[in-house]
Amino acid sequence: MILSLLPILLSAAPIVLIDSVTNDNKAPPEIAAALEPMLCSTFEKAFKAVKVDVKCRADVQAILRLRALQNAVGTPNRCAEGSEKCAARMAKLVRCTHVLVATLDPAGGALKLNLNLVDLMGKSSATSSVTVKDLKGMVRFMEKVAPSITASLSSP
187 MILSLLPILL SAAPIVLIDS VTNDNKAPPE IAAALEPMLC STFEKAFKAV
237 KVDVKCRADV QAILRLRALQ NAVGTPNRCA EGSEKCAARM AKLVRCTHVL
287 VATLDPAGGA LKLNLNLVDL MGKSSATSSV TVKDLKGMVR FMEKVAPSIT
337 ASLSSP
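Here the sequence shown is numbered in the working numbering, starting from 187 and rising by one per residue.
Treat the hints as calculated values from the structure; they're not laboratory data.
Mixed in with the good hints there might be a few duds.
Said to hold, decoys possible - Straight-line C-alpha distance at most 25 Å; calculated DSS-like pairs for lysine-lysine:
| hint | residue 1 | residue 2 |
| --- | --- | --- |
| 1 | K322 | K212 |
| 2 | K241 | K319 |
| 3 | K319 | K278 |
| 4 | K322 | K234 |
| 5 | K309 | K237 |
| 6 | K309 | K298 |
| 7 | K309 | K278 |
| 8 | K271 | K309 |
Predicted, not measured: the structure shown is a model, and the values here were computed from it.
Produce the entire structure from the sequences given, and follow the hints as far as they go.
Here it is as structure tokens:
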């Protein structure tokens, strides 16, 4: 397995896959759907500012359909390994070095947003979470933590 990762790990710079928001139908689906493009936009700007290439899950899905890899990879709803390992496997297939995984869970009358940047082995580089009542609060949180999550790629 390590040899199959070698071409990706030897690439000049990190490439991050920004995965779709994992909801598991626990939180309102319209919130997860609205959050997804904002997640990609916010973190794409932050990663590109430090010269890290980015691929968003929505962009990658077209590649997966063309290569008929969707069934081999699994989707966050079907994968038995957990969202981080599924996302890491997806990142490897599309030649990314890391993946940003976002999960959304209900927390009383609010929603908890968890962000986790993982490498191809599923090891976490940075995590952050917040419990807020609305989408606007989630966006403010993402804008606040994006620089620190981005900086974790350059930390030893």
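Which numbered conditions among the earlier hints are violated in the structure presented, ordered from lowest to highest?
-> Per hint list: 2, 3 violated.
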